[in-house]
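Undergrad: Going down the list, the protein sequences come from chains R and H.
Take the first sequence: its letter number 75 is residue 75 in the numbering used here, and every next letter is one higher.
Take the second sequence: its letter number 208 is residue 208 in the numbering used here, and every next letter is one higher.
Since the hints were made in silico from the structure, they are not lab data.
In this text the structure is predicted, and so the values were computed from the model without any measurement.
Glycine included, every Cβ here is placed at the ideal spot set by N, Cα and C.
Accuracy of the hints is not assured; some may be wrong.
As the list claims (entries may be wrong) - One side of the interface only, derived from the structure: several residues of chain R facing chain H at Cβ under 8 angstroms:
#1 9
#2 96
#3 115
#4 117
#5 156
#6 216
#7 217
Stated by the list, open to error - One-sided excerpt, in silico: chain H residues whose CB lies under 7 angstroms from chain R:
#8 45
#9 53
#10 132
#11 138
#12 139
#13 244
#14 258
#15 289
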Amino acid sequence: MRRAVRIGYSAAGLLIAAVWAFPIYWMVSTAFKSGKDMYSATPQFVPLHPTGDNFADVFGDSTFWQAAANSLIATVLTVVLAMAVAFAAAVAVARFRFFGRRTFLMSILIMKMVPSIALVIPIFLTLTEIQDASLGALQLTDAVPGLVIAYLAFALPFAVWALRGFVLGVPSELEEAAMIDGCSQVQAFRRVTLPLIVPGLVATSIFTMILAWNEYLLTYFLISSPEKYTLPLWLSHFVTTEGTSFGPLMAGATIIALPVAVFFMFVQRNLARGLTAGAVRG
Amino acid sequence: MSTLDEPAVARPLPAPRPSAARARRSRPRLPYLLILPALAVSLAVIGYPLIRVIVLSFQQWGVAQIFSDAGPPFVGLRNYSRILGDPVFWTVVVRTLVLTAVMVGLSMGVGVGLALLMERVHAWVRGVMTFSLIMAWAVPTFVSTQIFAWMTEQNFGVLNYVLGLGQHNWYTDAKQGLAVATLIVVWGAVPFITVTTYAALTQVPAELVEAARLDGAGGRQVFFGITLPSIKPVLVIVTALSIIWDFSVFNQIYILRNGAPSPDYQTLAIYAYMQAYQGHEYGYASAVAVVTVLLLLVVSVFYIRQLIKTGEAE
Chain R
1 MRRAVRIGYS
11 AAGLLIAAVW
21 AFPIYWMVST
31 AFKSGKDMYS
41 ATPQFVPLHP
51 TGDNFADVFG
61 DSTFWQAAAN
71 SLIATVLTVV
81 LAMAVAFAAA
91 VAVARFRFFG
101 RRTFLMSILI
111 MKMVPSIALV
121 IPIFLTLTEI
131 QDASLGALQL
141 TDAVPGLVIA
151 YLAFALPFAV
161 WALRGFVLGV
171 PSELEEAAMI
181 DGCSQVQAFR
191 RVTLPLIVPG
201 LVATSIFTMI
211 LAWNEYLLTY
221 FLISSPEKYT
231 LPLWLSHFVT
241 TEGTSFGPLM
251 AGATIIALPV
261 AVFFMFVQRN
271 LARGLTAGAV
281 RG
Chain H
1 MSTLDEPAVA
11 RPLPAPRPSA
21 ARARRSRPRL
31 PYLLILPALA
41 VSLAVIGYPL
51 IRVIVLSFQQ
61 WGVAQIFSDA
71 GPPFVGLRNY
81 SRILGDPVFW
91 TVVVRTLVLT
101 AVMVGLSMGV
111 GVGLALLMER
121 VHAWVRGVMT
131 FSLIMAWAVP
141 TFVSTQIFAW
151 MTEQNFGVLN
161 YVLGLGQHNW
171 YTDAKQGLAV
181 ATLIVVWGAV
191 PFITVTTYAA
201 LTQVPAELVE
211 AARLDGAGGR
221 QVFFGITLPS
231 IKPVLVIVTA
241 LSIIWDFSVF
251 NQIYILRNGA
261 PSPDYQTLAI
271 YAYMQAYQGH
281 EYGYASAVAV
291 VTVLLLLVVS
301 VFYIRQLIKT
311 GEAE
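So that you can see chain R by itself, here it is in the shape it has in the complex:
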């Protein structure tokens, strides 16, 4: 009886997994279809004449490589800055009791609540003004460094909160034991806690990376020149008023989503643990 119930649950789980994965499958299989096969009256659930033409289109396009480079630069800068700044703050709030700690934590949570739409107008205008005040010496709108500033607005609160969860996950008793054995506090932290937090640091950086890599709304507001496009923005050039070239669009989308999915598989377990540890511990 119990076994039958479990098999029933498992079957339901598999069905849901299939339904959930279908859009992804449809993206990838469309990417391998020729125009004729894509636009057939009866959809081909398995590409009958798989072709690499759509991928060749994407890889042969110099603007794709330009956008990939922009995405890479913006993402790496965001991750490095956010992680350096957030890690220090996370250690402070997880390991020390100090006046203003609760206020700081509360502010971080409230910052996570601010929608991009409320930030994008002032960020855009402020960047324009700084640029004007510097007589164009600081190019911030329609420029990758300006994007990094905007990305930090959502990356930082997330990174502080997630890292705090991971630091809390290492019992401070371990550090105290090391200090009894003669380590200084800094040494104890570096030798005991830091190695144990590495998975958390990796998970949080990869997740921050994904946020920046996938970001669309802020980028769309701040970037106007095609040579400054990031990858999600670059994809939009397949959408024209005459219609959408779904074949190369799906090939480009597959290429952009693939590394993210792979990274995600590696860190999702760690990440979920860190996020919930933060939440459960309040």
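Please arrange chain H on chain R, whose structure you already have, making use of the hints.
TA: Coordinates of chain H only, in the frame set by chain R:
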């Protein structure tokens, strides 16, 4: 609040670590130095823009002000009275509230349901489920929206074929178009909710469940007496985040409508965008943004209350 994943055994009393406590108290400056960079950056990228958007909402800020040296004039509550007197705005507010309720309700219901299901399936099925959820999570919204646009394409969309709808156009009726947008949002939001809730479920102390079982508690009693209270903080945060994301939904609708959503497709975020970047009415758009944040605060008051309670108990 009680620290659930630190059972009483591990830390019998908060007191017995005087040496460390003393060491930490003797260096009160270090934590401030550590949070200083985060504080500075967040004030610059979130705090200042927030203050700025509030100031902007009281100003006349349009194309003329961008190209003139004179600062933008303050116009008092004019932007706000213009919003409040605009029937379009109120339609947009109601649409945003309804959409948020539907999106959050569906994603939380399905997400938590799937997390509970994941606890009950074979380990390898759980792996398969995690895999397909992660794939959906990893896809950028621009991509997921285009996938759904392709699946609902009038002549060749696979959805029409599967549902046997013939050449159905999903977008002439905004209700149907918004239903597609809801589908995209829910599809993308469920993985985060499921994975996080499942992680919280694995942290529910097994001893407590066992003890309750020994005392004769049934499945339902265990769920409502132990499981639910244990994962409640996570559920509150996940719900709050869903409300925030869905209330300010932009990408899915905007991209689905190829960057030109007709008025009956507009949510608050899109309405504010249209005012700012097409009408160059930055002051007015800022007022809309401020009202959006205020409404969001009202909607998530429960979450904030929970946070304050948590803070007090700590």
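Undergrad: Next step is simple, just say for each hint if it's right about the structure.
TA: Evaluated hints:
no.	hint	in the structure
1	9	4 angstroms, holds
2	96	4 angstroms, holds
3	115	3 angstroms, holds
4	117	4 angstroms, holds
5	156	6 angstroms, holds
6	216	5 angstroms, holds
7	217	5 angstroms, holds
8	45	4 angstroms, holds
9	53	5 angstroms, holds
10	132	4 angstroms, holds
11	138	4 angstroms, holds
12	139	5 angstroms, holds
13	244	5 angstroms, holds
14	258	6 angstroms, holds
15	289	4 angstroms, holds
Checked against the numbered hints given earlier, the structure satisfies every one of them.
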